[in-house]
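Chains as they are written, first to last, in UniProt numbering: chain A, 1 to 314; chain B, 1 to 314; chain C, 1 to 314; chain D, 1 to 314; chain E, 1 to 314; chain F, 1 to 314.
Take the hints with a grain of salt, since some may be wrong.
Same chains, same label: a pair holds when it works inside one copy or across any pair of copies.
Calculated cross-link-like contacts (lysine-lysine; reagent style PhoX-like; alpha-carbon spacing at most 25 Å) [as the list claims (entries may be wrong)]:
| id | residue 1 | residue 2 |
| --- | --- | --- |
| 1 | Lys25 | Lys291 |
| 2 | Lys291 | Lys124 |
| 3 | Lys298 | Lys25 |
| 4 | Lys25 | Lys83 |
| 5 | Lys108 | Lys118 |
I should point out that these hints are in silico values taken from the structure, not numbers from a laboratory.
There are 6 protein chains.
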Amino acid sequence: MTKGIIHYEVGEQVDIYLLIKTVTKGIASNGKPFLTLILQDKTGEIEAKLWDASPEDEVVYVPESIVKVFGDINNYRGRTQLKIRNIRPANSSDPVRIADFLEVAPMKQEDMIDKITKYIFEMKNPNIQRITRHLLKKYQNEFLEYPAATKNHHEYISGLAYHVVSMLDLAKAIANLYPSLDRDLLYAGVILHDLGKVIELSGPISTTYTVAGNLLGHISIMVNEIGKAAEHLGITGEEVVILQHMVLSHHGKAEWGSPKPPMVKEAEILHYIDNLDAKMNMLDRALEKVKPGEFTEKIFALDNRSFYKPTFHQ
Amino acid sequence: MTKGIIHYEVGEQVDIYLLIKTVTKGIASNGKPFLTLILQDKTGEIEAKLWDASPEDEVVYVPESIVKVFGDINNYRGRTQLKIRNIRPANSSDPVRIADFLEVAPMKQEDMIDKITKYIFEMKNPNIQRITRHLLKKYQNEFLEYPAATKNHHEYISGLAYHVVSMLDLAKAIANLYPSLDRDLLYAGVILHDLGKVIELSGPISTTYTVAGNLLGHISIMVNEIGKAAEHLGITGEEVVILQHMVLSHHGKAEWGSPKPPMVKEAEILHYIDNLDAKMNMLDRALEKVKPGEFTEKIFALDNRSFYKPTFHQ
Amino acid sequence: MTKGIIHYEVGEQVDIYLLIKTVTKGIASNGKPFLTLILQDKTGEIEAKLWDASPEDEVVYVPESIVKVFGDINNYRGRTQLKIRNIRPANSSDPVRIADFLEVAPMKQEDMIDKITKYIFEMKNPNIQRITRHLLKKYQNEFLEYPAATKNHHEYISGLAYHVVSMLDLAKAIANLYPSLDRDLLYAGVILHDLGKVIELSGPISTTYTVAGNLLGHISIMVNEIGKAAEHLGITGEEVVILQHMVLSHHGKAEWGSPKPPMVKEAEILHYIDNLDAKMNMLDRALEKVKPGEFTEKIFALDNRSFYKPTFHQ
Amino acid sequence: MTKGIIHYEVGEQVDIYLLIKTVTKGIASNGKPFLTLILQDKTGEIEAKLWDASPEDEVVYVPESIVKVFGDINNYRGRTQLKIRNIRPANSSDPVRIADFLEVAPMKQEDMIDKITKYIFEMKNPNIQRITRHLLKKYQNEFLEYPAATKNHHEYISGLAYHVVSMLDLAKAIANLYPSLDRDLLYAGVILHDLGKVIELSGPISTTYTVAGNLLGHISIMVNEIGKAAEHLGITGEEVVILQHMVLSHHGKAEWGSPKPPMVKEAEILHYIDNLDAKMNMLDRALEKVKPGEFTEKIFALDNRSFYKPTFHQ
Amino acid sequence: MTKGIIHYEVGEQVDIYLLIKTVTKGIASNGKPFLTLILQDKTGEIEAKLWDASPEDEVVYVPESIVKVFGDINNYRGRTQLKIRNIRPANSSDPVRIADFLEVAPMKQEDMIDKITKYIFEMKNPNIQRITRHLLKKYQNEFLEYPAATKNHHEYISGLAYHVVSMLDLAKAIANLYPSLDRDLLYAGVILHDLGKVIELSGPISTTYTVAGNLLGHISIMVNEIGKAAEHLGITGEEVVILQHMVLSHHGKAEWGSPKPPMVKEAEILHYIDNLDAKMNMLDRALEKVKPGEFTEKIFALDNRSFYKPTFHQ
Amino acid sequence: MTKGIIHYEVGEQVDIYLLIKTVTKGIASNGKPFLTLILQDKTGEIEAKLWDASPEDEVVYVPESIVKVFGDINNYRGRTQLKIRNIRPANSSDPVRIADFLEVAPMKQEDMIDKITKYIFEMKNPNIQRITRHLLKKYQNEFLEYPAATKNHHEYISGLAYHVVSMLDLAKAIANLYPSLDRDLLYAGVILHDLGKVIELSGPISTTYTVAGNLLGHISIMVNEIGKAAEHLGITGEEVVILQHMVLSHHGKAEWGSPKPPMVKEAEILHYIDNLDAKMNMLDRALEKVKPGEFTEKIFALDNRSFYKPTFHQ
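Just chain A, with the same shape it has in the complex (with noise of 0.2 Å):
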């Protein structure tokens, strides 16, 4: 079995199988047209471009096919690339499947809805649970098949259920230590915080932005929804407006995307075990490509800073 493509270093040269992520058309220098391609298998990506591309290239090699590619590895401004020597679509014969290139999140669907619906099931507040089941319902299939996001973090095939399942984790830990805490709300929270992305979304691949997503965000989108499953189920407590604004502010702040910020204890705690869960992913992957003694490249949503591997952790 061939070795994940982010795993192969400058000099090395490759010959698998790969999946084309995107496709940009550009003219090059000698006026001739070229194509740039990301190209993908589960462990994440690689720039590659084809020269002198011919408009049959151009039909050919499209979005979410899959190439068998020859070439090296070379350094392109400080990020590896490779270089095509030769490169075919693959067709039927060929011994591969897209689903074979898409990361997946690293726990199944059916574990995870399963641990889901039993933190519903440990719910005491009646209010809480059923709006919370109701929306889970609504939308489980695109909540167990989207990304948590474009890029940044949990940006892969059921990111956003697994990201929800470690809040939880997470969620019952902080819990466990600070027994104040309402569990329900937190669980709610963590459960719908990120839940209008099904609709701000695209979907699970070549993930983009839809019209209702740019001109509302999943906040406000999310909000929307549990107002009228409320009005649905014929709920009326107090619990609809404290959900609603655990939502709401779970960005922290104003100018991060929250128009109130948290006012509410649980509300405060969501925020954090968001950002923890996030940022101990975006850690760990990024840590994952080097070698103690190194730093990582900056990570744009750590204020682009670089992290450092200690020598001593082997």
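Starting from the structure of chain A, add chains B, C, D, E and F where the hints point.
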């Protein structure tokens, strides 16, 4: 007829009826309780101290009751203050009613609703028209009575409706000059933009924030209302998202409470019209109180600026 | 008649006359020089690359000369680009003049000056009227030809005068709704606010900043001009300081270039009118280029926002 | 047994022992001196005014002495205040000791040091373990008695040690969920991060800043201590720099006092754990004072937010 | 001879002449009027309260009159305050004049003007020299009497001229070390940079802002003056724009009131010299009031910092 | 003798020796590798492209080796670039040494250390003198060779020592004018403020940041060094904390890397002197490259400003 309370100058004596707006109890340095009264009439308000307040005084002098006061106008730290020499609660034989002391919009409720109805009637897009009419009707009573804010601008009875009427006229004048503007969107945006205040605020008198107002804010409340109205009316067109976006973005920037900035032309213009009308209202009221050649007091909502009234403005 | 250059789509072929706006020489990766041409007509501009440029090419293809180009419209990094197949300089037998390619205000100079003169004629305060008339007369020729800016808004021939005319109409419409406004101040402020640009900028074509423009800016330049005009006309009233303040403060905030914020009501409104007209101009031009259901490109001067054209805007 | 001072409501009468925390002399408007006393017991503190204070009063009523007070609970500008009717210093026959009035951590010093020692014992990296043990031992007495801060959070006797113990438990829970974390670094970071406070602050009671605290701050003080400890122990590995970095960066950002932001994964997590425990402490104490359906007073260290206690939180 | 008012300590008794700087009337909690007097001598000022002020007191105790006061120095909220036991207006037989109480620059006006004249004489560029000499001569009387500011630094009689003299010496010392600096520009910039204050401020005593000062500021006023001076002298060289730029940019940044930042080397250095001299003045005066081992009070114009006087600074 | 590389103009031909500073490999659009060389001599550096680089080229052309280049000066995106026609490595028979190409401070190391020693000799406070002398001696070799920074200012061999010498002269000149300044503190602060750079940076050539430099920064490194020096010398006076504070605060603000702002007068002045000398160095070097009447390129460390060289500066 007596002149309004804000037109008395330091040194003058008053002997008039006023309405108690708020009462706060304090303990003086001699150890005796005193009451700080905010007294108002239609023209504005003044602070007064009732020293050596008896327990009976605390019972008698409560908000929303009328008093007859005899005293002097003093200056305390740059603000006028009423020094009470004599005070008594008004009784049934006094020729005064609460409504005589409350500032109201300079236009009758019937005239305002007529004018707004005419603007709705002019709309050509049925989806926009139906949602706007539905929501205005749902909250019409409160809409016609509420202030536009607890302070800063249009903070009087029917201030909300009057602000909307002024903005509609401004919207029309601007749309006449820039014909590319979509009048339906602009009028609907004006009518709906602050309608959530009827849920955010407690009512037309002694106005405070409700719990939902504090935790969600009028913007998110109204986005939700539009969503529910559309569902109720069976409207699914893009107009729903655009109207929600108009309301969502009318504060202009994340740090001013809009989770998304305006991303539709009419939303940008709505933000401008709202600002312009609010500022004209603040400026006119502040400049009314000073003479040519003087500066107004600092206006908090205008970045704490003082404004100068030129000497040639007689 | 040919359609404007910005209306061609990727894949189309062009065979048209265009004006060279700027030329930049580069060295291609094959070591040979190439020219990056910005070509324009009245509708806008497009980038083109002339590969393998000979020394003669560098002499022939210079700014403000007309060329006949045959080539294809391509897409390069999200922007259209013209791929030149054939190019030649226009000669005296070609039926084209430079003026055919320059964007100009959509109103004749005579009409604009007539309209502005009428507004000046309406002024009642003689000091304000005389200073305004004196300065407009002093710089009338440049005022009628200059753009309002080097980019962002009204960046075409006579853009400055057109911006002023639009603002005057807007000022009048607003003053009709808010009668407390001093029309004299407002009209004078509109006419003078950007007049310093005739000294700050180099001229109507290929506009750059002068040394005085860079070191002082149009605001300080104009404050000085008002001071000198008043001295010349023997005017000493407070109107001089107020007019200087109107110009000084019209950018609204220190960080936007106004050493004092607006502290006179009409100065505050002038800042609003200026912004509103500039934004309408930017928005209309950006939205013209996209179809319903699309977002515009990011507009730098509008906080880098993209604007959406609703699908129901046919 | 009497209830704590913060549990009295406006209108109640008190007749209890309290400890004087601070005394400030003022001159009343009648020209006579008065004393502002901050009185405390284990539950919190209250302000009291002693009007017409005699020279003897100034001698008798000094910080860290106990008084018997008889008086009424009033409300002054939204805060409760004790109106003294009668006051006398406690004497040897009164059944009270200073320790009865001081808030202390809810865990015994022995238990805390045992727990921390166990965590140090779990460390596998000898360099990290030896530096941590050396510094804890060097400052153990102060560490077990000092508060974690002069205000905001854990501002009571042994607050520093208690904050550390809570953070260690939190660190362990998080490390269980994210096994890539280096527990040695995390535990050492927790134990050392605020240890410099034993030099920055003056002591456990009436805590103020020392000169070194003001001019250097606990972060730089501790970085220096780690450097000296390593020199003393002859340790030169990269662990020294990493531990210094953990302490240096634990405030997260330059503007919050960390000259370098976290650039090691465990440093980032340490910053989170510190924040989470401090905020839980602040929130619990603020929410304890209000009833369901109420907002807390504004909490300065939480961006001046008020927090709401839901009505369904009985 | 008596010692200065700022050198009395809490507990001391005073029986001295002082000048009334400002008077503010208030109403005490017993309902009686009182006067807050700011009393000053050459060394500084102190607040005093005159309780139970009679109407005659209000007539007698007015700004810029001298009083004989007998009373005690107290501490009120961390500031010394004079508790008046006895006060009377000074009369013609008292051996005091107003000038005895006003702080003045520590250098004679003749010496300052001589020194400045010598610097102007050293200039080699005739355009710079003539403009500087013309403007200094035009405003010489006010220049020699005005303070440099209403507060913060050099806020005493002739403070403006003294600030300029100190800066000239500093400019010379720096130019000696960095010979590439243009001394003419630097000296002219120093002399002109704050000269607009003679129009911005009301005068040497009880200094306030004029209307032109408020609406334009001393920077724009002076840019205008340089323009008019150049026109008057028939000077058209680039020196005019550069001198205007030096004045324009000397606050360093837009948000500090300079519409353009320094863009000429000498303008950048002028900004530094101005700051350095102002800060030395503030620091020396604040540190004079404390003993070694103490911190000064917070200095607003130095970012509200307290400064420490080391114990080894005897 | 050849002129320096930065003095060649576009269009000129060069045939000179240069030192390779850095080499980066790229892949051209024709698929072939190329090398981007930064070539330098004492006057500065220039970029050059070596197209179609062979594997041998990659071995031969490495940093810190000398080459003979024949080629043309071109302009690429506003910057000069050297177009290589011919290149070869220098060999032992070429009359050049590496030191010929490195920029060094304009003062000999012996003269610098003599001068600094004289300043230390002038100190009167033995604690300050001993700590300063001890640390200078400990790191003297590196101190005399290191640059003051990797870029922006004094970024050449011995730049650190030269920056210190210039600052000492400036400190003396300022102390002469403001005699209240403590010269010992000021001189010691100047000498120690950047000494931590000998640990933060990698060395005098091809300077980068060390791990300790990245994670701690030169400020914290030096605070630690002062602490260890004091312990080593048995000095415990307040001078230790004050010296640590001087170094700690010399960047002036938290957001510029100083965890505490200057809180001692000499610390404030040190911050000024440091800035002034660094800015003079940047400005002189940027202005050297332009002619009168031109603007410099944007200087990043001066807020990205361009500076103008007046036409009368011949």
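Against the structure, the hints:
{"no.": "1", "hint": "Lys25 - Lys291", "in the structure": "between (35 Å within a copy, 22 Å between copies)"}
{"no.": "2", "hint": "Lys291 - Lys124", "in the structure": "between (47 Å within a copy, 21 Å between copies)"}
{"no.": "3", "hint": "Lys298 - Lys25", "in the structure": "between (27 Å within a copy, 21 Å between copies)"}
{"no.": "4", "hint": "Lys25 - Lys83", "in the structure": "both (16 Å within a copy, 13 Å between copies)"}
{"no.": "5", "hint": "Lys108 - Lys118", "in the structure": "within (16 Å within a copy, 38 Å between copies)"}
The structure fails none of the hints (numbered hints given earlier).
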